[in-house]
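There are 4 protein chains.
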Amino acid sequence: MTSVAFIGLGHMGAPMAANLVNAGLTVRVFDLVPQAMKSLTDLGALSSSSACGAAAGADVVITMLPAGKHVRSLYLGDDNNKGLIDVVADGTLLIDCSTIDAQSAQQVAKSAAEKGLSFVDAPVSGGTAGAAAGTLTFICGGENGAFELAKPILGHMGANILHAGAAGAGQVAKICNNMLLSVLMVATSESLQMGIDHGLDPKVLSEIMKVSSGGNWTLDKYNPCPDVMPNVPSSNDYQGGFMVDLMVKDLGLSQEAALVSNSSTPMGALARSLYVNHARQGNGTRDFSSIFEQFTNSQQIKNKG
Amino acid sequence: MTSVAFIGLGHMGAPMAANLVNAGLTVRVFDLVPQAMKSLTDLGALSSSSACGAAAGADVVITMLPAGKHVRSLYLGDDNNKGLIDVVADGTLLIDCSTIDAQSAQQVAKSAAEKGLSFVDAPVSGGTAGAAAGTLTFICGGENGAFELAKPILGHMGANILHAGAAGAGQVAKICNNMLLSVLMVATSESLQMGIDHGLDPKVLSEIMKVSSGGNWTLDKYNPCPDVMPNVPSSNDYQGGFMVDLMVKDLGLSQEAALVSNSSTPMGALARSLYVNHARQGNGTRDFSSIFEQFTNSQQIKNKG
Amino acid sequence: MTSVAFIGLGHMGAPMAANLVNAGLTVRVFDLVPQAMKSLTDLGALSSSSACGAAAGADVVITMLPAGKHVRSLYLGDDNNKGLIDVVADGTLLIDCSTIDAQSAQQVAKSAAEKGLSFVDAPVSGGTAGAAAGTLTFICGGENGAFELAKPILGHMGANILHAGAAGAGQVAKICNNMLLSVLMVATSESLQMGIDHGLDPKVLSEIMKVSSGGNWTLDKYNPCPDVMPNVPSSNDYQGGFMVDLMVKDLGLSQEAALVSNSSTPMGALARSLYVNHARQGNGTRDFSSIFEQFTNSQQIKNKG
Amino acid sequence: MTSVAFIGLGHMGAPMAANLVNAGLTVRVFDLVPQAMKSLTDLGALSSSSACGAAAGADVVITMLPAGKHVRSLYLGDDNNKGLIDVVADGTLLIDCSTIDAQSAQQVAKSAAEKGLSFVDAPVSGGTAGAAAGTLTFICGGENGAFELAKPILGHMGANILHAGAAGAGQVAKICNNMLLSVLMVATSESLQMGIDHGLDPKVLSEIMKVSSGGNWTLDKYNPCPDVMPNVPSSNDYQGGFMVDLMVKDLGLSQEAALVSNSSTPMGALARSLYVNHARQGNGTRDFSSIFEQFTNSQQIKNKG
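Just so you know, the protein sequences line up as chains A, B, C and D, in that order. The first sequence: position 203 = 203 (full-length UniProt numbering), numbered continuously. The second sequence: position 73 = 73 (full-length UniProt numbering), numbered continuously. The third sequence: position 187 = 187 (full-length UniProt numbering), numbered continuously. The fourth sequence: position 14 = 14 (full-length UniProt numbering), numbered continuously.
Please note: incorrect hints may appear among the correct ones.
As the list makes no split between identical chains, a pair holds if one copy fits it or if it spans any two.
Within a straight-line C-alpha distance of at most 30 Å, the following computed BS3-like cross-link-like pairs (lysine-lysine) qualify [stated by the list, open to error]:
no., residue 1, residue 2
1, Lys38, Lys210
2, Lys151, Lys69
3, Lys82, Lys249
4, Lys151, Lys210
5, Lys38, Lys249
6, Lys115, Lys38
7, Lys115, Lys210
8, Lys203, Lys110
9, Lys221, Lys38
These are computed hints drawn from the structure, not numbers from a lab. Remember, predicted model here, so these are calculated numbers, not experimental data.
Same shape as in the complex, but just chain A (with noise of 0.2 Å):
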């Protein structure tokens, strides 16, 4: 039977490395906050001191970290800790389901190739209520075998598990495509405003374009105006959901991305720029979905209430 070591228990990885318990594998869990591994030993995971103790005789390592230096420290050593790539078994799998900078990740794959191991980045989307329900996409980097090999894992917590490319594909293509949903989600915003500055009913204009060229993942799934659809965050004053901080956060990866590859992203960058002012403006904590009050008129808002 398979045994994995899970690092990082926080909002994603405690609901991902239940799911894991849950399937039936045998999972050794550790994170920094002693605490948060209370709620997998209760399902029945055993705990560790250290992660390298956590990683030192299982068959699988995945770790869900909040950045780029987290995870090259933890895998290649630091100057106080040796890094798991030279703790591990040989034949270990290593997977990474962070949301970090593909530099990273490819150095990591590059330093694991050199001790034979095999690493696959396998950032996720879904959020939170994917984590739990088990429902998660991976967007995985790395060689054909490895890939193959984490996929079966994998699927214990997801429902989508897709092959971007080589190492750090995965997390180029979570860029891109998170990039992308952000203008998705300003673009769709000011057409719904503008339609309602003219007088037109949003439900009405969400479900023509809806149907037409306009159409996207956010008037399929995730309208940004309120009571337009029921069960998104728009429909409950913007909470719940994917935070406005998280989406700065990976918009900010994707313009690191692109200042790697000499790229050029103007809906992109100007999305960073609104989403960072709308942080500033004290909306870090919401949905990303209110960057929609950016365009409204805010007399309209405060009437409302």
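Keeping the supplied structure of chain A fixed, place chains B, C and D upon it in accordance with the hints.
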């Protein structure tokens, strides 16, 4: 049997009128260019020597003209001519299928209403291919009653007959949609190119974003990157399809609308500037997905040939 | 002695007319709001009961109105009134100081020319302070001869009388300038805030950029960052100065002009969207340098008080 | 007499070092390309076989390198070489004139301080012409004492020696300035072209905006429209001056800085995208004012020749 006057037989108007003839309606046509009537009379349409002559006894008048000024002067008259609303019989249904500014549509609708006539603004999308196949989408503005009357007539020329709201709403909804479309096209282009710049295969990246939150109409139907999809302009040197010059026109209408309603459309405004630059560089008659080339490395393009 | 009719006595028109009275000219004034004439008649101006009445015997007619439609209907007449060009004496010089669209200015100039009258479009910059002090800048369009005649009259109200070209050129030059100004203001704001975010003193950074290649009018005269310069709106809670709503109006005119000439103005278009957002957030009556606050951390601003 | 080590003799470094030699200082030079030292030794400089060799006994070390990674590895050492800070004598003043990211500058400054050494980041503006003429502007970061020591040395190579703040502040101020400059250039270009599109003479429009609120460095010194000013790149087919590729580099640094500080720079980000597009279209080695051509009608350009 319903008799229809069809005025304006350009690239779109001619095949639209042909579908009405083929549906068995009595169609009287007029165009300022006499030769334009020939293909229609060959099919069985009747010709007229003037717009008013065509419209005089018709149950329904349909117009397909280049811009708001043409629509206004045709319906309302000018120094030299009476307007259509002065010559048509009581109860005639007026349908304008041109893509024009909403204000002109509203002005004509108002003058028509003062004469007791019903007017529907019904701009189309779907291009010349959709016009020929009778699969256009009509986005309509006008009273419910008028819309219900127009619907079966438009049904001979299109597959989707949508009602956006009161007079002018068809125009507003269409330019909201096309503004959004232009942003989808630019943002999808820059995202794909950034992926390519990082070594990703645009086919793979397109497949991933299509099923993720970046999903949008351009990825589904009209991928801007050459050789990702068959049978789209990008795989045919950007020939055919929807011309850059027409997108520039629609984006102009969208910005005019934004000025009227004091709306903020940062993405749409940026798309317009990028498309104008693209047109000025000599791409006006190429398909609008050729904006993709703004983001590629020209050196790569040159080396391809 | 030259007799002048001055029509339109708002915040700008009233002090401008006062300077003509103070210069010893015979000034006949009219405004739709009778009370607006009081301060002028107190100074020695004559009042009229209608615009045409004021203009009838004048050597020079000067108008200062809100928008193109007012200028067109006043000069050209409408359903209820004769136009000024129908009532003034032969040889009357017509000067419009309103900031309006170039097309309206050209239309009035053309109609005036058909009656043998000279028309100069002469929009101003310098604000109410410049109007009071007689230090306005006039940017004029019209024939050389007309400009030479207008120059000494305008010289009583302004310090710089510039000739931009033929009819309408004054309006075009003014909106080109104001569009550029809006971009200078936004770009200077974002550059200063980025420096502040990195710990730099905005006074020091302003001094450095002022003498470097980033030097521009806003750094010289109108720094948007509070407490960098004395006696500017940013150091007075953004009160006074040039209102956001007026910048939105001018940016609207600039985008209208860009549509007419099919010009690409990515920076000006973006500035308009940012200013519209800013106005919609309740800042319409504050000085336009308050756009700086779009880039600051609102938390910081609140904690300052 | 002060002895100076000068490391990095490219297009900028060579003439800068020459001015130090001409000022009578003892200058020891090093460059990875031995031939690059020839022109300096001809002038009287001493050559070294390594950077550390040049720096070993110097009172002042000056470096002029392409990017942050070169500066870090030179000062801090790497796997193969000791760093300069490990070999220089106590009390040596370290001055880096490269344009690099602020973080690298701060990192070097911190490591230098730990060894008791003073480090000044002193990026320059003024181009190769300014380097030759000794009229560069230096924008410096570092402690007051270090800045005062650096000032007379830099005074042999430049006309303006400015102090922006603590370590790294020179780099931040320079990229804030250059980001602002790029926006001035784009916005001035689009404003001038819009005027031209309306029939205005760009010389007249430039004169008007120069003395109005649109006034900025590009109108004063570097007009982007051909044949408005003599002796600028735009009047010489955009040859010479400051290359598009270098502006792309500086805009990249500005966006990197914006990511570090979570700043919003919509104008700077848009300028970067436009400049990257321009470079990718084959304009990388032309002067950065050639961005003007993005806004002209290419047909007009072609017809000019």
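We went through each hint and held it up to the structure:
Proximity of Lys38 and Lys210 under a CA criterion of 30 Å is satisfied in neither setting, with 45 Å inside one chain copy and 38 Å between copies. Taking the shortest Cα distances, Lys151 and Lys69 sit within 30 Å of each other inside one copy (26 Å), while across copies they are farther apart (38 Å). When the C-alpha separation of Lys82 and Lys249 is checked against a cutoff of 30 Å, the pair qualifies only within one copy, where the shortest distance is 28 Å, while the shortest distance between copies is 37 Å. Proximity of Lys151 to Lys210 under the C-alpha cut-off of 30 Å is restricted to the inter-copy arrangement: shortest distance 20 Å between copies versus 33 Å within a copy.
Proximity of Lys38 and Lys249 under a CA criterion of 30 Å is satisfied intra-copy only: 29 Å inside one chain copy versus 49 Å between copies. Taking CA atoms no more than 30 Å apart as the test, Lys115 paired with Lys38 passes in neither setting, with 33 Å inside one copy and 47 Å between copies. In the homo-oligomer, the alpha carbons of Lys115 and Lys210 never lie at most 30 Å apart, since the shortest distance is 50 Å inside one protomer and 36 Å across protomers. Only between protomers do Lys203 and Lys110 lie at most 30 Å apart by alpha-carbon distance; the minimum there is 25 Å, versus 50 Å within a single protomer.
Proximity of Lys221 and Lys38 under a CA criterion of 30 Å is satisfied in neither setting, with 34 Å inside one chain copy and 48 Å between copies.
Violated hints, in rising order: 1, 6, 7 and 9; the structure is consistent with all others.
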